[in-house]
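All chains should be modelled from the sequences, with the hints used to inform the complete structure.
Now for the letters of each chain:
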Amino acid sequence: MFSKDNKLEKFKEAETIIGASIKVKGNFNGQGDIVIEGFLEGSLKTEANVFIGEKARVNANVEASEALINGEISGNIKIKKYLAIGKTAKIMGDVQCGEISIERGASITGQILVSAENLKLSENKKNRPEEQA
Amino acid sequence: MNAYIYDDFLNKSRYRRALNRVEIRLTDLGLNGKIIRLGAIKNVKDAVQAEIKNGIKNIIAVGNNETANKVISAMISNKAYGFFQKDILFSIIPIGNNNSIAASFGIHKEEEACNILLARRIKQIDIGIAGNNIFLNKAELTSDNARININDEYSLELTRKTKVQIINLNDSPSVIYGERVDPYDNKLNLIINNKTPEATFITSDNIKISGSGEIILDESVAIPLPAEIGIIQEKINIIVGKDRSFN
Numbered sequence: 001m002f003s004k005d006n007k008l009e010k011f012k013e014a015e016t017i018i019g020a021s022i023k024v025k026g027n028f029n030g031q032g033d034i035v036i037e038g039f040l041e042g043s044l045k046t047e048a049n050v051f052i053g054e055k056a057r058v059n060a061n062v063e064a065s066e067a068l069i070n071g072e073i074s075g076n077i078k079i080k081k082y083l084a085i086g087k088t089a090k091i092m093g094d095v096q097c098g099e100i101s102i103e104r105g106a107s108i109t110g111q112i113l114v115s116a117e118n119l120k121l122s123e124n125k126k127n128r129p130e131e132q133a
Numbered sequence: 001m002n003a004y005i006y007d008d009f010l011n012k013s014r015y016r017r018a019l020n021r022v023e024i025r026l027t028d029l030g031l032n033g034k035i036i037r038l039g040a041i042k043n044v045k046d047a048v049q050a051e052i053k054n055g056i057k058n059i060i061a062v063g064n065n066e067t068a069n070k071v072i073s074a075m076i077s078n079k080a081y082g083f084f085q086k087d088i089l090f091s092i093i094p095i096g097n098n099n100s101i102a103a104s105f106g107i108h109k110e111e112e113a114c115n116i117l118l119a120r121r122i123k124q125i126d127i128g129i130a131g132n133n134i135f136l137n138k139a140e141l142t143s144d145n146a147r148i149n150i151n152d153e154y155s156l157e158l159t160r161k162t163k164v165q166i167i168n169l170n171d172s173p174s175v176i177y178g179e180r181v182d183p184y185d186n187k188l189n190l191i192i193n194n195k196t197p198e199a200t201f202i203t204s205d206n207i208k209i210s211g212s213g214e215i216i217l218d219e220s221v222a223i224p225l226p227a228e229i230g231i232i233q234e235k236i237n238i239i240v241g242k243d244r245s246f247n
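Read top to bottom, the protein sequences are chains V and F.
Sequential numbering of the first sequence, starting at 1, is according to the working numbering.
Sequential numbering of the second sequence, starting at 1, is according to the working numbering.
These aren't lab readings, by the way, just hints derived from the structure by calculation.
Beta carbons are placed, not taken as given, at the ideal position from N, Cα and C, and that holds for glycine.
Errors might be hidden in some of the hints.
[Said to hold, decoys possible] Heads up, simulated DMTMM-like pairs for lysine to aspartate or glutamate below, C-alpha to C-alpha not over 25 angstroms straight-line:
(1) F:K163 - V:E41
(2) F:K187 - V:E47
(3) F:K163 - V:E54
(4) V:K55 - F:D144
[As the list claims (entries may be wrong)] Between beta-carbon pairs, the in silico distance windows are:
(5) F:I35 - V:K23: 48 to 56 angstroms
(6) V:D94 - F:G213: 21 to 29 angstroms
(7) V:S115 - F:S77: 53 to 61 angstroms
(8) V:G110 - F:S155: 42 to 50 angstroms
(9) V:N29 - F:T27: 56 to 64 angstroms
(10) V:K55 - F:P173: 47 to 55 angstroms
(11) F:D144 - V:N29: 23 to 31 angstroms
(12) F:K57 - V:K55: 54 to 62 angstroms
(13) F:H108 - V:A48: 33 to 41 angstroms
[Said to hold, decoys possible] Here are some of the chain F residues that sit facing chain V, going by a computed Cβ distance under 7 angstroms:
(14) S13
(15) Y15
(16) P197
Below, the structure is given as structure tokens:
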């Protein structure tokens, strides 16, 4: 989903896009990809992918399948598969994911747990319907 | 059998020639029907209800967005809008300005509209509702203090004066993410601001807007805030042209 230069490849196809001039408060639950360029306070949860833009500020726990973070997050992050943290990212909270990449310059204050179990669990879930078929 | 509902602004002499052209074309195509002039009647709903009871098959609004809005409201708010009435077809013959609904149906000129009526290309689309008023294309406002609640789950606050559009059927190629608006999905698309990275795009069927000001429906009907906006259960069968803005 994410290209080498940390930009969302299919930016225009995200189910929800929160622009830079918007403040969001509450519990944000989605099924599709979510792009945050503005301010979010509450919780953010999707079964798909999350992109946090460079100028975005998120005061929320974040749960997703994959994520690319370039902005500021105060909250815990739980990513089933791949988490990419860009050089402009600033994270204050614990991070849990299946795979991770961190660019030089990123700031993380919290514990990081990278566990292949997370990845296996999500892959098993994905394969299960095919096995049954 | 056809009923043509003429809006009262068509009484002005400057629209006489356009109406003559339409009437001649409809006669040539064998599409004549009953003409109902809104200027002469007080209650559109009663007039439409009477025609539905009389077994009318096609109701055609002759005028602009406001005409279309009035006629569709009368059709679907009708108590008689039951099982068999839902087969009634709606279309527009656009005359005058402010005809973005007709444009999104692929109907651009009055004589072209007559040919489209004959071709009977039918689509069934969603209808939006804001308060007690329906809309086909969009509801829009410009505000710096509106608070927008989505599905009672989260709310959006505008941080500066911004244009907010809630779109059911996109009528403009300049709308960002407009290609993703689907008039069949039972959902509306909220688009705030119209350029990246400022633009916001959210899909929902329950949007509540509070604050000061008013929302304009289909560029013709104004309703005051606060307002609850969604999709009604009823669909409407419309006769559309090839160049419509949706599939």
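Right, here's what the structure says about each hint:
no. : hint                                : result
1   : F:K163 - V:E41                      : holds, 23 angstroms
2   : F:K187 - V:E47                      : holds, 20 angstroms
3   : F:K163 - V:E54                      : holds, 24 angstroms
4   : V:K55 - F:D144                      : holds, 21 angstroms
5   : F:I35 - V:K23: 48 to 56 angstroms   : holds, 52 angstroms
6   : V:D94 - F:G213: 21 to 29 angstroms  : violated, 43 angstroms
7   : V:S115 - F:S77: 53 to 61 angstroms  : holds, 57 angstroms
8   : V:G110 - F:S155: 42 to 50 angstroms : violated, 28 angstroms
9   : V:N29 - F:T27: 56 to 64 angstroms   : holds, 57 angstroms
10  : V:K55 - F:P173: 47 to 55 angstroms  : violated, 29 angstroms
11  : F:D144 - V:N29: 23 to 31 angstroms  : holds, 28 angstroms
12  : F:K57 - V:K55: 54 to 62 angstroms   : holds, 56 angstroms
13  : F:H108 - V:A48: 33 to 41 angstroms  : holds, 39 angstroms
14  : S13                                 : violated, 48 angstroms
15  : Y15                                 : violated, 42 angstroms
16  : P197                                : holds, 5 angstroms
The structure fails to meet hints 6, 8, 10, 14, 15 from the earlier list, while all remaining hints are met.
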